[in-house]
Amino acid sequence: MLCDACKKREATYHTIKQYNGIKTETHLCSECRRKLISESGGAGGLFSELSALFGGQEKAAGAVCPKCGTTREEFLSTGFVGCEQCYKAFASAIEPRLDRLQSGSVHTGKRPGKAASTPAGEYERLKAELKRAVDAEDYERAAKINLRLKQLRNGDGSEEKEGRV
Amino acid sequence: MNESMNASVASTRIRLARNVKGMPFPRKMNASQAREISRKVYETLGSGYKLYDIKRLGETEAGALVEKHLISKELLACGCGSVAVSDDETISVMLNEEDHIREQVILAGLKPDEAYTLADALDDRIGEKVEFAFDGRLGYLTACPTNLGTGMRASVMLFLPALTITDALASAAGQLGMYNITLRGVYGEGSDALGFMYQVSNQRTLGVTEREILELVRAAVKHILDAEERARDFLMATRGPEVKDEIMRAYGVAANAYKLSGDELIKYLSFIKLGAYYGLLDVKRIAKLDELETAMLPYGLVSSSDVPLADADERDVYRAAYVRETLKGLVSPCALK
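So the sequence lines, in the order shown, correspond to chains U and B.
Quick note on this note's numbering: the first sequence kicks off at 1 and runs consecutively.
Quick note on this note's numbering: the second sequence kicks off at 1 and runs consecutively.
With the rest of the complex left out, here is chain B (with noise of 0.2 angstroms):
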């Protein structure tokens, strides 16, 4: 695999569920339950973190969680819920959401060993104190026996804007079965693979080890991006016209507009990054674009900045102007052959 596909790895993450022995699941508990299990849990992880309680947070600072995977949206429901979040926010503990304890970790880039290696210190450090609802045979207990054993999730964000152009993303997918592996766009609400992102994880958490997790996690990721990068081949040796039109445009729109929507912008940054590949658009860090895109949806941009949450058009200017004076010193077209 040729090394620009690299870029084409937004994240790494890493879950691991945990129950507390002797109590009841979130589903079965009641308040003062949930609110023994956060001070336990929070205590353990010493300094470093904050913990936020769902029921208090206002809508654009819980919002900003969930769009920045620090919290999942199902949380937002549940009555008990709060996570703790590490002051860089690589870590976060999800507190009595479908289970007790849902530990994660997301690093930029491919890493699944180091997320990994992180996650595993923090469930250690967490079952020093507190102890797990465990069964020698049936490993971790979870609320969902598609969770059982290792209670691990662990997948990878990647970006394949040519398999999903040229149509061939379902047949990559359909290999990777023998591998139980899971591929399902990020961007899936109501506009489907926008932004060409995906996120590809393990479906089977019982029977295996977190190694061989990681190992088929990492194989599944090395064949898509195989068949990204031939897929990319093949769309600018039979669309190469349209394809760089269709960059540049993205580039031209992206850098000049006055009004910009957060799914304008997630599409035009996509081509962008594509332009990279492409060598028609030098970039100075491909990371910077997928951080631009996080911090200009709704609730990031609303929360670092004085735009009402209520006001859509104000956003789309203030979204407008901020990303055109991020890519002046970030991207600048290549000469055009």
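Chain U on its own, in the form it takes in the complex (with noise of 0.2 angstroms):
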């Protein structure tokens, strides 16, 4: 298959990417992709169509990070933030696309040590992961997380390990 872009050289980067039924594909060669990627200056790309779509709402407040001192324009066009407080700063360019950008807007995965072993940071994570089960109608696995909040409401958390419902 030929190349998007150039139609001369062999695509070899295949992306296929579906959201709200729509399906999109683009099949690019290396060289093409990374001209797209130079050019949109990194993941920038991504978000600068949000600065079409959000622009100037957080103008007014947190348009610069306070912490590193990011700029929202800085983060727009090169796609990535600071430091860990830009994302409080620049939540409402950011939340938004996640949905889009990732498998949803809450984290179901690993947490670091010590948030690991409170039952209450996993009971909430599996509340959030409980509705996207459903929502997804995976049935079956939410029946498997029921059980495990109702262990959790029992106070037994010690049989299955975080993360591996």
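FYI, nobody ran anything at the bench for these hints, they're computed from the structure.
Heads up, a few of these hints could be off.
To be verified - Selected chain U positions facing chain B (in silico; Cβ < 7 angstroms): (1) 64; (2) 68; (3) 80; (4) 91; (5) 103; (6) 106; (7) 107; (8) 108; (9) 112; (10) 134; (11) 136; (12) 139.
Said to hold, decoys possible - 25 angstroms max Cα-Cα, derived DSS-like pairs, lysine-lysine: (13) U:88 x U:127; (14) B:40 x U:67; (15) B:328 x B:288; (16) U:8 x B:267; (17) B:129 x U:67; (18) B:21 x B:40; (19) U:88 x B:21; (20) U:127 x U:150.
Glycine included, C-beta positions come from ideal geometry on N, C-alpha and C.
Join the two chains into one complex using the hints; note that each chain is given alone, in its own frame.
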């Protein structure tokens, strides 16, 4: 299959995305892909569209990260945040996009040592995971999560390991 | 899937992206903060690891680390980057690249669970002493929002000659959309599809658990290898004589040439692997062919010999001699029909 961009070289980078039932396919050769990335400033391309969608919304407050000095424009053009605080400063630009960029906006995986051992943290995480399973009509998984939630409610948190439900 | 398809999985890689709580991310930090992170993380690893300061590495040594996939090319451009590599070279921890910490495990063959178990243990070990930037809802906080959540990328390197030759790769890849999986050529630098090596990896990191990512990648690998197996049958049924001829010529040249460039070697070795699959060539150990390929890439070759980096001709002569010698005990032709 030929590259979508140059129509000359063999495409070796294939991306297929499905969002809200709409499927988009991109087939690029490595050279055109590199060109595209450098033109869009790294992963920034993903976020420059955001600029159009959400531009101006957080101009009044949080246009500059108070901790590392990254500006909203800088983030939108590069796609990179400068510190953990940026996720709060640019939340209105990042969060609406997470459902499309990612498989949701709630972390369901591993947690660092301390947090993992608190049942309250696991309970909240599983509740979010349960909602996702029900939304996806994955009832088998939902039943497993329910069982674990029940165990946590009964104070029996020792049977299953974190993140393995 | 036929057992012999297992030889088409070169390696499995797990990468976890982490940052240190309270520190600006690498793009925004200064040299002393970077040094502090390198020191702190390296101390958690204990013995059995070697720390390389990228700035102090020579071109050959740095290039060899890239060829072995122990570091990314991007790390070379990071002024404050360093890497800790385990003695057996299965684990590497890149420091101050895009994120403060990139924990990586590479194992030969299809071993997602084993690789993740090692990465998970490494992560726990570092996490005991280093507090990670973490948010209850967004998970591990990374420099790019595309790595949020688990910060995990699981990749499997696959050898897909028949899907490439029959031009069926795109349609096989097209069906992967539902898996949130990306498929890309490994040797992409101006010589697309060279070596027929591709990397299958997960796209999304947030809203999925590590186990779900491993399952997704495993399912995608199975799907692609099933398609590759069908394509190999089709290829032999429709273009048998041409394919056999190409394989035997590749073996003939690789086993007898006086000069071999790196690209030529990658091409010939890939046809030798295909020859082993079709039973045209008897290869004692397929993994040895992959090792030979990595060892004979320019920087690997220079670092293990006296050949100067600048002398491409001498490199090609050395490579051909080394390959002739290695193939002697490793590959032999079967009786042709």
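Here is what the structure says about each hint:
no. : hint          : in the structure
1   : 64            : violated, 12 angstroms
2   : 68            : holds, 5 angstroms
3   : 80            : holds, 5 angstroms
4   : 91            : violated, 10 angstroms
5   : 103           : holds, 4 angstroms
6   : 106           : holds, 6 angstroms
7   : 107           : holds, 3 angstroms
8   : 108           : holds, 5 angstroms
9   : 112           : holds, 5 angstroms
10  : 134           : violated, 14 angstroms
11  : 136           : violated, 11 angstroms
12  : 139           : violated, 17 angstroms
13  : U:88 x U:127  : holds, 23 angstroms
14  : B:40 x U:67   : holds, 22 angstroms
15  : B:328 x B:288 : holds, 13 angstroms
16  : U:8 x B:267   : holds, 21 angstroms
17  : B:129 x U:67  : holds, 24 angstroms
18  : B:21 x B:40   : holds, 13 angstroms
19  : U:88 x B:21   : holds, 15 angstroms
20  : U:127 x U:150 : holds, 11 angstroms
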